[in-house]
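The chain contents come next:
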Amino acid sequence: MLHRRVYQFLIIYFIGFAALMLVKYSLNLSDYTIPGVSEIWTTCRRYFGLYLMAVLNTLCVAILGHLLSICMATVVGIIGRLTIWIGSFIRVAAYNIQAYPIVAVAPIIFILLGDGLSSRLLIAAMICYFPLLLSFIGILSEPVKEIEHFFESTLRMNWRLQAKIRAFENIHKLITVIVGSATLAMVGTIVAEFIAANAGIGYSIRIALYQSDLAKILVALFLIGICTSVYLVFLEWIGWLVKKRLGNI
Amino acid sequence: MQLEIKELNYKYPGSVGDVFQQLNCQVTEPGFHALFGPSGVGKTTLAKMIAGDIKGFAGEINLQRIHQVLYTYNLERLPGWCCLREHLDSITPKSNRQRLEDLVDSFGLQPCLNSRFAQLSLGQQNRTNLARYLLQDFDLLIMDESLANVDEITKEKIILKIKSLFPERCFLYISHNVVEVSKFCKQILVLRSHYKAPQAVSLQGQDFNGQRILKEKDLEQIMLEIVNAA
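Chains as they are written, first to last, in our numbering: chain A, 275 to 523; chain B, 80 to 309.
Just to be clear, a hint being listed does not mean it is correct.
Covered stretches of chain B, going by a simulated chain A footprint (3 or more residues, C-beta under 8 angstroms) [unchecked claim]:
#	stretch
1	157–166
2	211–217
Below, computed lysine-lysine pairings styled on PhoX-like, alpha-carbon distance capped at 25 angstroms [as the list claims (entries may be wrong)]:
#	chain 1	residue 1	chain 2	residue 2
3	B	K262	B	K234
4	A	K419	B	K134
5	B	K127	A	K419
Part of the chain B face toward chain A, derived, beta carbon under 10 angstroms [to be verified]:
#	residue
6	A130
7	L149
8	L154
9	Q198
10	N208
Hints are computed from structural coordinates only; laboratory data are not their basis.
Because the structure is a prediction, the values reported are computed rather than measured.
Idealized CB from N, CA, C, for every residue including glycine.
The task is simple: from the sequences and hints, build the whole structure.
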């Protein structure tokens, strides 16, 4: 049985596809502008395998970037929860930097690192890092007084216990933020591939765009949607397992 | 062992009215004492000041031969990632291991030991929370409505157990129940609004320890005194 995320995507994709066909046939547009169903089907059969590999390549980089940003957000979030100057500095810096569009920095990364895995990974991580960081700082710097009081009174509190209490109490929020940022990781990787890559589905779309081949782009969009939905389903399942293990459900 | 509060003045930052104005009171011996008063009069605030959680007040809080003050309140929770047994084991100092079994039995916590905190009733949660504080080393324990939602019979059993286990320690029991305060407490500090002088009145309770018969008239007399003082 398809997970709701997957069939929701399928519904949206085919509504969009139907709308495109409606535009094509109602305005009598040429196959060059919007290809017909048979041409799209032929392209799909020809490029499905190739594009699937490209999407999986992109997804792998997105997952790596996502993991990297989660690790960075956790470490910086733990430091940012501190009430001393370093904590305040990190919080203010995070709020200010996140307001800046990271995509605009992407060309600099491309110039410095060239096209390839490192650029894709870094851009993907940076695009999903700041939303994660703000949530992590917010969650980790919010005291759970009714639990922490005992440990503070009896002088048992340390940073690990404090972070554990706060993370556990906000596990639902954390999982929602992590799942939400997975889409950003995918977006970040594709954006990186548009700018600086020699592989991945973003790179394939860029080539299709130069060829004005909408059929290829539609096939690529379909695969991106399916793979992203599956990744989100997987993350939700991991979140469910974590909550179950911690007795939070 | 002495707790002395001298000319305490305090108002919350940003508020207009005083909570305390020239508050004076003292507890001079160990035992199970009460801090009584109507809602909003400042019992919790005073408790937090004694515990060192609130600073920035004028006046003095002197503690003699009281080195470790613990403050517990009824809304506290235990971490939810482990069961009670695991938590109690992890927070009990080695020297108090024997006390753990004793408290678990007398607080009626045996059936809940394998449950997580969220799965307990409110009364069980409060009993568990109080038990873990009693497992710590302390000289003064302030119990802010720590036995709320606990039935009367269990509450009496718990208070008598505390009194028998810790005769040399000092307790400040915050409660709105005039009967239990009159019956079980040695000294009752009745806290009043800051426009009443003195702001705290000290009364003697029955200090019932389960070994003598209480005189109903004496108890009624104390209850009347408390109500009149408040």
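Here is how each hint holds up against the structure:
| no. | hint | in the structure |
| --- | --- | --- |
| 1 | 157–166 | holds (count 4) |
| 2 | 211–217 | holds (count 3) |
| 3 | B:K262 with B:K234 | holds, 12 angstroms |
| 4 | A:K419 with B:K134 | holds, 17 angstroms |
| 5 | B:K127 with A:K419 | holds, 14 angstroms |
| 6 | A130 | holds, 7 angstroms |
| 7 | L149 | holds, 5 angstroms |
| 8 | L154 | holds, 5 angstroms |
| 9 | Q198 | holds, 9 angstroms |
| 10 | N208 | holds, 8 angstroms |
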